[in-house]
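*Asks:* In terms of my numbering, the sequence shown opens at residue -3 and continues consecutively.
Everything labelled a hint here was simulated from the structure, so no lab data went into it. As the structure is a computational prediction, the values presented were derived from the model and not from experiment. We put the CB at the ideal spot given by N, CA and C, even for glycine. Treat the hints with care, as some may be off.
Said to hold, decoys possible - Derived Cβ-Cβ restraints for the label pairs, each shown as a range:
1) 178 to 225: 17 to 25 Å
2) 180 to 126: 36 to 44 Å
3) 169 to 204: 13 to 21 Å
4) 76 to 182: 17 to 25 Å
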Amino acid sequence: MKALIQKISLLTTLVLISAFSMNAQTISVSATLAGQTQVIASGTTFDATAGGIVTSLNTFLPGTLTITNTGSSALVLTLNGSSYLTLTGTAPSDFTITPTTAFGGTIAAGASQTFNVALGSGATNGLNKTLTITIKSNDATTPTYAGSVKYSFSGITTTGITKASDIGLTVYPNPSATGTFYFKSSNVNVNKIVVTNSSGVSEEYYSTTSFTTNLKGLLLVQLYTDNGLVYDKLLVQ
-3 MKALIQKISL
7 LTTLVLISAF
17 SMNAQTISVS
27 ATLAGQTQVI
37 ASGTTFDATA
47 GGIVTSLNTF
57 LPGTLTITNT
67 GSSALVLTLN
77 GSSYLTLTGT
87 APSDFTITPT
97 TAFGGTIAAG
107 ASQTFNVALG
117 SGATNGLNKT
127 LTITIKSNDA
137 TTPTYAGSVK
147 YSFSGITTTG
157 ITKASDIGLT
167 VYPNPSATGT
177 FYFKSSNVNV
187 NKIVVTNSSG
197 VSEEYYSTTS
207 FTTNLKGLLL
217 VQLYTDNGLV
227 YDKLLVQ
């Protein structure tokens, strides 16, 4: 078990707990995977390759990442495109990190916002990759947090992922010329939709009947349903 935990230290990377002062504000970022925690200070890199090559990551996802405002005033994150967390590095599309609830970017004093961490649509095998998570906020002194992780993938596939069709859910039309898709199912309710393109850019929606995405090309769609998390691949022409 110890060796297995070491192998999944990649997302114990996303298990970063870090804090920095923000003019009466403090932001604490923490994530959990299989009950493990790892600290990454802003501006540093955690070398997860020391624990070995990750070969069974799908078993331990999705994970969670939580931003907590431990200060006395509102923490306001800066939106970059469609996300408040910017992923860069060797292969930013290896992961998606999306809010578990509707999030407008403001976290009240003493409150938290939780994100889901999942395998991205462009996840690929490779050695000594680097992922950097950047968070910008309204701190005039230190407006940017950036923590990085070095990791390796081997044998990671998406064959074990549950497809929407496996639970009787159809997303149509596919392809779509407008980016609008509808759900068809007799007994499955969709609660949240996360759409990610090949560059790792994500959008999220809260709807039970349809959604319209601004992204183009081949997209991976995560559907949070009453029957669990399922996936589909859609094309916007």
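*Asks:* State, for the Cβ atoms of residue 169 and residue 204, whether the hinted interval 13 to 21 Å holds or is violated.
*Replies:* holds, 18 Å
*Asks:* When you take the CB atoms of residue 76 and residue 182, is the distance between them in 17 to 25 Å?
*Replies:* Violated: the Cβ-Cβ distance is about 39 Å, outside 17 to 25 Å.
*Asks:* Given the hint of 36 to 44 Å, is the C-beta distance from residue 180 to residue 126 inside that range or not?
*Replies:* Distance hint for residue 180, residue 126 holds at roughly 41 Å.
*Asks:* Mind checking the hinted window 17 to 25 Å against the Cβ distance between residue 178 and residue 225?
*Replies:* holds, 20 Å
In summary, the structure is inconsistent with hint 4 from the numbered list given earlier, while agreeing with all the others.
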